[in-house]
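Visitor: Sequence:
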Amino acid sequence: MADQQPQSLPGKPLADGVTRGVREALTGWSALEPRFEPHLVSVLASHDPASRVYVESKARRARRLGVRFTVRDLGTGTTQDELHAELQRLSADEDVHGIVLELPLAAGLDADAALLHIAPRKDVEGLTPANLALIAAGREPEALLPPTPRSVRFLLREALGDDLRGLRAAIIGPGRTVGRPLAFMLNNRGVTVTLCNEHTRDLAVVLAGQDAVVVAVGRAGLLRPEHVQAHHVIIDAGINVQATEEGGVVGDAVPDLPVRAQTPVPGGVGPLTSALMYQNLVRAVRLQRGEPVE
Numbered sequence: 082m083a084d085q086q087p088q089s090l091p092g093k094p095l096a097d098g099v100t101r102g103v104r105e106a107l108t109g110w111s112a113l114e115p116r117f118e119p120h121l122v123s124v125l126a127s128h129d130p131a132s133r134v135y136v137e138s139k140a141r142r143a144r145r146l147g148v149r150f151t152v153r154d155l156g157t158g159t160t161q162d163e164l165h166a167e168l169q170r171l172s173a174d175e176d177v178h179g180i181v182l183e184l185p186l187a188a189g190l191d192a193d194a195a196l197l198h199i200a201p202r203k204d205v206e207g208l209t210p211a212n213l214a215l216i217a218a219g220r221e222p223e224a225l226l227p228p229t230p231r232s233v234r235f236l237l238r239e240a241l242g243d244d245l246r247g248l249r250a251a252i253i254g255p256g257r258t259v260g261r262p263l264a265f266m267l268n269n270r271g272v273t274v275t276l277c278n279e280h281t282r283d284l285a286v287v288l289a290g291q292d293a294v295v296v297a298v299g300r301a302g303l304l305r306p307e308h309v310q311a312h313h314v315i316i317d318a319g320i321n322v323q324a325t326e327e328g329g330v331v332g333d334a335v336p337d338l339p340v341r342a343q344t345p346v347p348g349g350v351g352p353l354t355s356a357l358m359y360q361n362l363v364r365a366v367r368l369q370r371g372e373p374v375e
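Each residue of the sequence shown is one higher than the one before, counting from 82 in my numbering.
The hints are simulated quantities; they were obtained by calculation from the structure and are not laboratory data. Among the hints, a few may not be true.
[Said to hold, decoys possible] Here are the simulated distance ranges between beta carbons:
1. A218 x E118: 15 to 23 Å
2. T160 x G302: 36 to 44 Å
3. G242 x D193: 33 to 41 Å
4. A311 x G109: 26 to 34 Å
5. D162 x P185: 17 to 25 Å
6. H165 x P222: 25 to 33 Å
7. E307 x A192: 29 to 37 Å
8. D191 x P336: 34 to 42 Å
9. E307 x E118: 18 to 26 Å
10. R104 x V322: 27 to 35 Å
11. N269 x E307: 31 to 39 Å
12. E279 x V134: 19 to 27 Å
13. R249 x P222: 19 to 27 Å
[Claimed, not checked] No more than 20 Å apart at the CA atoms, straight line, and that leaves these computed lysine to any residue pairs for SDA-like:
14. K139 x L184
15. K139 x G189
16. K139 x G156
17. K93 x V274
18. K139 x G348
19. K139 x V177
20. K139 x A342
21. K93 x R305
22. K93 x S111
23. K139 x V330
24. K93 x L184
25. K139 x P347
26. K139 x A106
27. K93 x A342
28. K93 x G109
29. K139 x D97
30. K93 x R249
31. K139 x P210
32. K139 x I320
33. K93 x P336
34. K93 x R141
35. K139 x G98
36. K93 x A240
37. K93 x V331
38. K93 x S138
39. K139 x T151
40. K93 x L241
By construction, the Cβ of each residue, glycine as well, lies at the ideal position given by its N, Cα and C atoms.
Please construct the entire structure, taking both the sequences and the accompanying hints into account.
Guide: See the structure below:
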């Protein structure tokens, strides 16, 4: 087992396919309505350096796709009421088709309360209670799904086949943005889900009978060789910025685990998540315009 090299599961090939579909939708609209341009707005209410990096990444992809991208930087001094008012204004603006609230917010601001003020059909990150409730109720076709859990499900299908029914998957990390919605999304596809956290005892024993392990805690080196089996597929949705001279980003799993397949970090879940957010924007536009959605 120690000499086994895992199959790499890069996200870029899948992301390229998603992006082609987004471009086709945008081209179709522009052919019929030359002046129509989907508009995505990113709302910042912090000075978090990572958030600004992510915003610039979204902006670059938007420019490549031909999507209008606007940043509303409210600064760290904004109040909860001011944040709510801005989200309500954007939600009511027919010229705005998608809204992203960049997290984390500045100290003292409540993200859960703020998300209540984003119109569910403009919630391209799928984090509003309305979208999460639809997922939990098994009504995914009516929802905008969170892109990171969707990325995980895409990658699991790539590794294990399109039909996930009957498979067993453990999710380490019951967070709002990944673990909790993913548990429902996998269950909706017939997967038997075990939900763990960074304090789970006897982790190796808990994981031994699983087909796949998804880790999304935000703690580098959490998943190690002694925890995994040769048959496991590892999807690493963790993001950790290294405080070393080399810098860079690492996942929650040790690289090159002795398993069947493992996503790299960076280059695994991340590229696909970004592409799926823009696919959500296309879906959001269709929902707002009353057009058929897949």
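Visitor: Indicate, hint by hint, whether the structure satisfies it.
Guide: How the hints compare with the structure:
{"no.": "1", "hint": "A218 x E118: 15 to 23 Å", "in the structure": "violated (34 Å)"}
{"no.": "2", "hint": "T160 x G302: 36 to 44 Å", "in the structure": "holds (39 Å)"}
{"no.": "3", "hint": "G242 x D193: 33 to 41 Å", "in the structure": "holds (37 Å)"}
{"no.": "4", "hint": "A311 x G109: 26 to 34 Å", "in the structure": "violated (46 Å)"}
{"no.": "5", "hint": "D162 x P185: 17 to 25 Å", "in the structure": "holds (19 Å)"}
{"no.": "6", "hint": "H165 x P222: 25 to 33 Å", "in the structure": "holds (29 Å)"}
{"no.": "7", "hint": "E307 x A192: 29 to 37 Å", "in the structure": "holds (35 Å)"}
{"no.": "8", "hint": "D191 x P336: 34 to 42 Å", "in the structure": "holds (36 Å)"}
{"no.": "9", "hint": "E307 x E118: 18 to 26 Å", "in the structure": "violated (52 Å)"}
{"no.": "10", "hint": "R104 x V322: 27 to 35 Å", "in the structure": "holds (31 Å)"}
{"no.": "11", "hint": "N269 x E307: 31 to 39 Å", "in the structure": "holds (32 Å)"}
{"no.": "12", "hint": "E279 x V134: 19 to 27 Å", "in the structure": "holds (25 Å)"}
{"no.": "13", "hint": "R249 x P222: 19 to 27 Å", "in the structure": "holds (25 Å)"}
{"no.": "14", "hint": "K139 x L184", "in the structure": "holds (14 Å)"}
{"no.": "15", "hint": "K139 x G189", "in the structure": "violated (26 Å)"}
{"no.": "16", "hint": "K139 x G156", "in the structure": "holds (19 Å)"}
{"no.": "17", "hint": "K93 x V274", "in the structure": "violated (26 Å)"}
{"no.": "18", "hint": "K139 x G348", "in the structure": "holds (16 Å)"}
{"no.": "19", "hint": "K139 x V177", "in the structure": "holds (16 Å)"}
{"no.": "20", "hint": "K139 x A342", "in the structure": "violated (28 Å)"}
{"no.": "21", "hint": "K93 x R305", "in the structure": "violated (25 Å)"}
{"no.": "22", "hint": "K93 x S111", "in the structure": "violated (26 Å)"}
{"no.": "23", "hint": "K139 x V330", "in the structure": "holds (18 Å)"}
{"no.": "24", "hint": "K93 x L184", "in the structure": "violated (24 Å)"}
{"no.": "25", "hint": "K139 x P347", "in the structure": "holds (16 Å)"}
{"no.": "26", "hint": "K139 x A106", "in the structure": "holds (18 Å)"}
{"no.": "27", "hint": "K93 x A342", "in the structure": "holds (16 Å)"}
{"no.": "28", "hint": "K93 x G109", "in the structure": "violated (24 Å)"}
{"no.": "29", "hint": "K139 x D97", "in the structure": "holds (15 Å)"}
{"no.": "30", "hint": "K93 x R249", "in the structure": "violated (25 Å)"}
{"no.": "31", "hint": "K139 x P210", "in the structure": "violated (24 Å)"}
{"no.": "32", "hint": "K139 x I320", "in the structure": "holds (17 Å)"}
{"no.": "33", "hint": "K93 x P336", "in the structure": "holds (18 Å)"}
{"no.": "34", "hint": "K93 x R141", "in the structure": "holds (16 Å)"}
{"no.": "35", "hint": "K139 x G98", "in the structure": "holds (18 Å)"}
{"no.": "36", "hint": "K93 x A240", "in the structure": "holds (14 Å)"}
{"no.": "37", "hint": "K93 x V331", "in the structure": "holds (17 Å)"}
{"no.": "38", "hint": "K93 x S138", "in the structure": "holds (15 Å)"}
{"no.": "39", "hint": "K139 x T151", "in the structure": "holds (10 Å)"}
{"no.": "40", "hint": "K93 x L241", "in the structure": "holds (18 Å)"}
Consistency note: the structure conflicts with the earlier hints numbered 1, 4, 9, 15, 17, 20, 21, 22, 24, 28, 30, 31.
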